[in-house]
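Student: These are the residues of each chain, in order.
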Amino acid sequence: MSAASTADPAVAAPATAGSETMTYREALRLAMRQEMERDERVFLMGEEVGVFDGSYKVSAGLLEDFGPDRVRDTPISEEGFVGAGVGAAMLGERPIVEIMTINFLLVAMDQVVNHAAKIGAMFGGEVRCPLVIRTPNGAGNQLTAQHSQSFDGWFAGTPGLKVVAPATPADAKGLLKAAIRDDDPVLVIENLPIYKEKGEVDLDPEAVTPIGLAAVAREGSDLTIVSHSFATVRALRVAEKLAAERDVSVEVVDLRSLRPLDVETVAASVAKTNRVLCVEEGWPSYGVTAELAARVQAACFDDLDAPVERLGMAEVPLPYAKELELAAMPTEDRVEAAALRTLELA
Amino acid sequence: MPAVAAPTRLLEMYETMQLVRLFEEAAERQYKAARIGGYCHLSSGQEAMTVGTVEALQPDDLLVTGYRCHGFALARGSSPQSVMAELFGRRDGCAHGRGGSMHLLDVDRGYYGGWGIVAGQLPVATGMALSLVRRDVPQAVLCELGDGAINMGAWHESLNLAAVWNLPVVFLVVNNRYGMGTSVDRASAEPDLFKRASAFRIKGERVDGDDLDAVIEAAGGLLEEARAERRPAVLEAVTYRFRGHSVADAGLAYRSREEIEERKKLDPLLRTREQLLARGTDEAEIEAAERNAADAVAGAVEFAESNPAPELDRLAAGVYAPGSDAQFERMQPGSPIGERELVFDAGLGQ
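Protein chains in written order, with my numbering: chain A, 1 to 346; chain B, 347 to 696.
With the rest of the complex left out, here is chain A (with noise of 0.2 Å):
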C-alpha cells in the first residue's frame, strides 16, 4: 500500500527547556511549529492561514517557515477542505484544519459527524481518521447572531469525536499538541477573546496536556465552579472576587476535555465543597453543563447540599445592540450572583 505510515517518527530530543510569557494564540503557533518540526506528516489548511498571517493571527510566520504545501491557503470551501483533511488523515497524515470560527463549521457538519467521526467505528477499526480541527468559538465583539456561538455540546455530544477546550496558553500549547499526536478526529475549541490573554508556557517540545484530564484551577472549599474555555477565565476572575468581598472559597475546575469529560475531578471537588455551579458560554439546554448536571447529580447525590447549578448563554440568537449582548451573556456579574444564590448567600 501506498498510505504512508502509521508509526511515530523519531523523537528528537527537547532542545529547550524552561518556559516563557506569550499569549494564547502565540502558544497555540508554538504547538504547530513544534509538532510540524517534529512530524512531516502535520500540514495545517484552511482559509487564509499563509498569505494573510491567519485570520485571528494564530498562523503568523508559519508559511514563511514551511512553505506552501504545509501552511495551505484554501478557497472558502469548509466543506471541501474539512473533507480533505479526513481523506488525507485516513491515509496516515496529520492535517490541522482551521475553520474561521466555530460557526462556519456548519457547514462542513456532514464532513465531521457523519464522516471524521464515523471512520474508526464503521470500517469495523480497519483505518483511522487522525484529523485535527481547530477552530475559536465566543462572543461578545457585537458579531450578532451569526458569529457569536458556542456549539462545545453540539460535537461533545458526537461518539467517535475528542472534543478539548483550552482555556489558558499553556493548555492551548499543550492540548493542541496532544490533539495532533492523538489518532483520532480531535476537534480543538479555541476562543476569540482568549486569544490576547497571557500565560506561562512550558517550552518542552515534549510537554504535552492529557486529553480527558480536567484542571482544579483555583482551590477552594465552600463552592465548585465547573466551566472551560472562556467561562473558565470568568470563573476565576469571579472567585477572586468573592473571596476579597464575602470571604468565599470558589474552587474552579476547568474542564479542558469535553469529551473524553473528566467527570472524577468534578465529582472529587464536589464530594468536598457540597455545591456545584456549572458555567458555559454556550446555550445550557442540552449543552455542556445539561451533561455535566446529569452526571454529576448521579456520581454526588449524598453530596449535595443545594441543587446543581447551570449558567449559560440567554437563549436568544445573540442581538447586536450592545446592551442587548451583555444581557444575554453569562457575564461576571452573572457568574457571581449564580454562584450566590447556589451558595444561598444571595
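No wet-lab data here; the hints were simulated from the structure. Among the clues, some could well be false.
Unchecked claim - Anything over 10 Å on all C-beta distances counts as not near chain B; from chain A, calculated:
id, residue
1, Pro95
2, Met100
3, Leu236
4, Glu264
5, Pro319
Stated by the list, open to error - Quick list of simulated restraints, FRET-style, between CB atoms:
id, chain 1, residue 1, chain 2, residue 2, range
6, A, Ala327, B, Arg547, 48 to 54 Å
7, A, Glu64, B, Glu536, 52 to 58 Å
8, A, Tyr286, B, Ala533, 33 to 39 Å
9, A, Ala17, B, Arg547, 48 to 54 Å
10, B, Ala596, A, Asn114, 26 to 32 Å
11, A, Ala314, B, Glu675, 33 to 39 Å
12, A, Ala314, B, Gly384, 41 to 47 Å
13, B, Ile683, A, Ser285, 20 to 26 Å
14, B, Glu620, A, Val51, 54 to 60 Å
15, A, Glu64, B, Asp538, 43 to 49 Å
16, B, Leu658, A, Arg341, 42 to 48 Å
17, A, Ala145, B, Ile683, 55 to 61 Å
Claimed, not checked - Looking from chain B toward chain A, a few residues come up when the C-beta cut is under 10 Å (computed):
id, residue
18, Gly459
19, Trp461
20, Ala596
21, Pro656
22, Val689
Every residue, glycine too, gets a C-beta built ideally from N, C-alpha and C.
Assemble chain B onto chain A, guided by the hints.
Tutor: Same frame as chain A, now just chain B:
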C-alpha cells in the same frame, strides 16, 4: 474504436462481471430471507462500468465509492466471503459487522469505502489525492458517485479544490439515469453531466458504461493523465440499473417495464459474452468461468451463514483508537445506565 482486451483477460473480467451479477442476486435473496438488513443497493446491469473502471486502476491506486459498492469491492479483489459476511453483519466481514452493505472497504487493496451520504465521499477522495501529491506518490484516486450526487455542494467544492490544487483524482459519475426515482433530466439543469466538468476547466468525458472495452480505455486514459500530469477529470459512464434503487424499491414507480426490458437487451454480460465468442473463446471456457463465479457466490453465502456474530462485549471497539481507553477512564462516575457495560467495558479505545 477502443482497444480490445486480450481474450484471456476478457474471460477473467467476464468471470468477475458474472461474480458481481450472481452476488447481487444472492444478496437480494438473502435480504428477502431477512439474513441481510438495512439498505441493500444492487448494481445489476452496471457490471461493465464497475469491472472496467477497476480494471483501469493500478495496484497502488486508491478507490473510493458511494454506497452501491458490492461490485467495486469484488472487482477490486476483496474476497466474496468477506463481503457477504459483512452484508450478514458477521465477525469476519470486511468491516467486522460494523458497516454493512454501504460501508465495505479493503485497505490492503486501496479501497477506502463504501460511503453512505450522497457526495460525502468526494471531499474525502480529494483529500486522498492531496496526500498522494504531498507525499509525491505517483498514483491516482478513482472516486465513484451517482448521477444524483452531482447536484450536491460537495461536488462543486471538491472539483474546484481538485482543480485549483492540481490533484490526481478521477470523478466517476455513474449515470444510471435515476437518482432514486428522480430522472437525470428532472434533477440536473445540464443533463449532459460530463459537461459540468468544464465549469472547473478540467476534462470531462462520457462513455458507454455497458461497453467494457470502451470503459477501460476511457478510465485508463483519464487515470493515466491524473497520475502523470496531476490533473483531475470527470468520467461519466452511462449505464442502467436493472433493479430498483434498493432491494426495497421495485423500481417501477418512475420507469416502465418496457424501458427496463428494452435496456436488458443491452445487458453488458450478454455483450461481453458475445465479444468472447467473437474473439475465439470456447463456449466451454465461458461456461467454466460462469461456474467459477457461481461457486464463489455459493461459497460466500455458506461462509457468511456459518460465520459468528460480532462479540457483544466488543460493542465499542474501533470507535476510538487503540490506547485511548486511558483517556476515558475518568469519565465513568455518574454514567447513564449501561454506559459502563456497553461502552467503557466493551472495547472503547482498545
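Student: Now tell me if each hint is right for this structure.
Tutor: Hint check:
no.	hint	in the structure
1	Pro95	8 Å, violated
2	Met100	16 Å, holds
3	Leu236	22 Å, holds
4	Glu264	4 Å, violated
5	Pro319	30 Å, holds
6	Ala327(A) to Arg547(B): 48 to 54 Å	51 Å, holds
7	Glu64(A) to Glu536(B): 52 to 58 Å	43 Å, violated
8	Tyr286(A) to Ala533(B): 33 to 39 Å	36 Å, holds
9	Ala17(A) to Arg547(B): 48 to 54 Å	53 Å, holds
10	Ala596(B) to Asn114(A): 26 to 32 Å	29 Å, holds
11	Ala314(A) to Glu675(B): 33 to 39 Å	36 Å, holds
12	Ala314(A) to Gly384(B): 41 to 47 Å	42 Å, holds
13	Ile683(B) to Ser285(A): 20 to 26 Å	22 Å, holds
14	Glu620(B) to Val51(A): 54 to 60 Å	59 Å, holds
15	Glu64(A) to Asp538(B): 43 to 49 Å	46 Å, holds
16	Leu658(B) to Arg341(A): 42 to 48 Å	46 Å, holds
17	Ala145(A) to Ile683(B): 55 to 61 Å	38 Å, violated
18	Gly459	6 Å, holds
19	Trp461	7 Å, holds
20	Ala596	29 Å, violated
21	Pro656	9 Å, holds
22	Val689	8 Å, holds
Checked against the numbered hints above, the structure breaks hints 1, 4, 7, 17, 20 and satisfies the rest.
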